[in-house]
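Asks: Model the full structure from these sequences, guided by the hints.
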Amino acid sequence: MSEPGQINGKSSEVVISARGVVNGFGDRIIHDHIDLDVRRGEVMGLVGGSGTGKSVLLRTIIGLNKQKEGSVKVFGAEVGDADNVSMRALQMRWGVLFQEGALFSSQTVAENIQVPLREYTKMTQNLMNEIASMKLSMVGLPEDTAKKYPSELSGGMKKRAGLARALALDPELLFLDEPTAGLDPISASNFDGLVRDLQKSLGLTVLMVTHDIDTLRATTDRIAVLVDKKIKIGTIAELRKDPNPWIKEYFSGARGRAALDS
Amino acid sequence: MVSLTDVRPVEERAWFKTERRDNVLRFIVGGDWTLPEAPRLDPKLRALDLSAQEAEIDGKELDKLDSAGAWLLLRTKRAMEDGGAKVRSFVIPESYGPLFGTLEREHTAPPTPEMERPPFLYRVGRGFMHSMTQGYEMLGYLGRVTVETVETIGPQKQLRWKAFIHQVEETGINALPIVGLLSFLIGVVLAYQGADQLRRFGAEIFTINLLGVSILREVGGLITAIIIAGRSGSAFTAQIGTMRVNEEIDAMQTIGLNTVDVLVLPRVAGLMIALPFLTFYSDIMAMIGGAVMCYFDLNITFPAFLRQLQGAITLNTFLVGMVKAPVFAFVIALVGCFEGLKVERNAESVGRLTTRSVVESVFLVIVLDAGFSIMFSILGI
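Protein sequence lines correspond, in order, to chains A and B.
Quick note on the working numbering: the first sequence kicks off at 193 and runs consecutively.
Quick note on the working numbering: the second sequence kicks off at 17 and runs consecutively.
In short, the hints are calculated from the structure, not lab data.
Among the hints, erroneous ones may be present.
In silico DSS-like pairs for lysine-lysine, Cα to Cα no more than 27 Å straight-line [as the list claims (entries may be wrong)]:
id: 1; chain 1: B; residue 1: LYS33; chain 2: B; residue 2: LYS60
id: 2; chain 1: A; residue 1: LYS392; chain 2: B; residue 2: LYS178
id: 3; chain 1: A; residue 1: LYS314; chain 2: B; residue 2: LYS60
id: 4; chain 1: B; residue 1: LYS93; chain 2: A; residue 2: LYS314
id: 5; chain 1: A; residue 1: LYS340; chain 2: B; residue 2: LYS358
id: 6; chain 1: B; residue 1: LYS178; chain 2: B; residue 2: LYS358
id: 7; chain 1: A; residue 1: LYS392; chain 2: A; residue 2: LYS265
id: 8; chain 1: B; residue 1: LYS358; chain 2: A; residue 2: LYS339
id: 9; chain 1: A; residue 1: LYS314; chain 2: B; residue 2: LYS33
id: 10; chain 1: B; residue 1: LYS76; chain 2: A; residue 2: LYS392
Note that the structure is predicted; figures quoted are calculated from it, not measured.
Replies: Below, the structure written as structure tokens:
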């Protein structure tokens, strides 16, 4: 777990470190030697236009996609080369929320949350039920959700349940893939608050892919923008001064201004 | 296997102790109250005697606290309060205040008890009612498809020829290799087993009679229908089911397309054309398999095989097998489409209903075959 004194980016310890990452499909390069550092305790947003490979970069960092060149280190361990044991060790320290929640459809929400607990700890069923119920209340889902199957949940509830599963092992690092896409504005803003609250109380490091400029403003400390196969990192204020036309349009277009200047 | 304790070694083992002075219970905790320690702490905490008038919780010596540890602490605190004790002080390091506060605020309801398994008789009854409803719905669907099929014969509607031809190709022509190979092998097996038994009576030549009658009347049609139920019936359910999940069917309906017209009729008609041809092909392949086996096992040459076969079967033997094929095709296509349209809007139900579609159509094919046998024997064919 992170030291409580190091919350909110005060520490300079680097949790995710990508160096010279190259990704592409066939001859088409989508990431051309990208560097990315995420420090402990910060919330980093990852944005970019459609097809710039935001999800690909996220998948590379969590080891679902092998980069063509370069290295990705999480907690100092190389992700791509991680052998089975050390990869599992890494996986226990992070939680991933996929776009649609990616809940296991044959299991109830409570069983979904208990999957990592059952795999990695030796708890009694009683304690696991209690922890599942606690996680549900942490993500703001009603108590009776525990017994429901994913097919009975709405999109927003699936995301919350997915987040509860991602938090099951009290991870130090959380990956969120478009956490607010497809939610109504009220749910989306609740979700932002939730991420911020959890980040504060658990001292999490968060890397999130998002399009939502409101979410960026509400939750992130720094933002990484994928543009022209490269990455540009900075706070919102810094990025608004960037001369790149796409970044200009993104932060200073009608929607960007409406969200940021309000 | 890696376990959590290997990855997050506990630096300071979690501990707790209780002290009683007068009527005050002091509950002192320290160390790493984290997830790896939770399984060890849990039973000990449950076993604690927490009855007192007043209580103090002292967590000053906590080194680490995560949400699992916070939950255990909160649970113990609540157990004290439920036992009638007044918690007059509660101290934990400041940095863990927000975490504990969030938990205490958000988590109010007690954990829900496990759902009880309904009693045996209830489950039997529910299963029975479910099959009855299923049968009833299927009957309704059969009616609808029949009406729509009859309408296509009339002037106001026309069969979608392109889709129909596509289905014939997909379910008929593309199935030729697998049907051919399996039928050939069935012919080989039947001839071998038949020859083995009949040789004991010196009646090897009647292997050909056995082959002719059993393949043409029963085996050819049945084996083809079962292969196609597994190959095309399941494909119908999966295709239509996936369209259902993607809301394509809803889109069709809002555009004004009739789903039975667009999806079901071409499949039913296509399979009703394809399956008789496949059955005929299967008959031939199985006979070839039998003839090959007779040649190697019994030294019966092909001309001799054909001469004996001609004497063994009549045109009726062949027709009895063939007349069943369109009926089987109709049932397989109907069940496949019916289950496909019943898919709900989640991927899991596609898999479940595809399995059910195959089981149901194979079941119905065999039941119908038995029905045909009884009918033919009464009619004396």
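Asks: Each of the hints needs a verdict: does it hold here or not?
Replies: Against the structure, the hints come out as follows:
{"no.": "1", "hint": "B:LYS33 <-> B:LYS60", "in the structure": "holds (11 Å)"}
{"no.": "2", "hint": "A:LYS392 <-> B:LYS178", "in the structure": "violated (61 Å)"}
{"no.": "3", "hint": "A:LYS314 <-> B:LYS60", "in the structure": "holds (15 Å)"}
{"no.": "4", "hint": "B:LYS93 <-> A:LYS314", "in the structure": "holds (24 Å)"}
{"no.": "5", "hint": "A:LYS340 <-> B:LYS358", "in the structure": "holds (21 Å)"}
{"no.": "6", "hint": "B:LYS178 <-> B:LYS358", "in the structure": "holds (25 Å)"}
{"no.": "7", "hint": "A:LYS392 <-> A:LYS265", "in the structure": "holds (24 Å)"}
{"no.": "8", "hint": "B:LYS358 <-> A:LYS339", "in the structure": "holds (24 Å)"}
{"no.": "9", "hint": "A:LYS314 <-> B:LYS33", "in the structure": "holds (23 Å)"}
{"no.": "10", "hint": "B:LYS76 <-> A:LYS392", "in the structure": "holds (20 Å)"}
Violated hint for the displayed structure: number 2, the only one.
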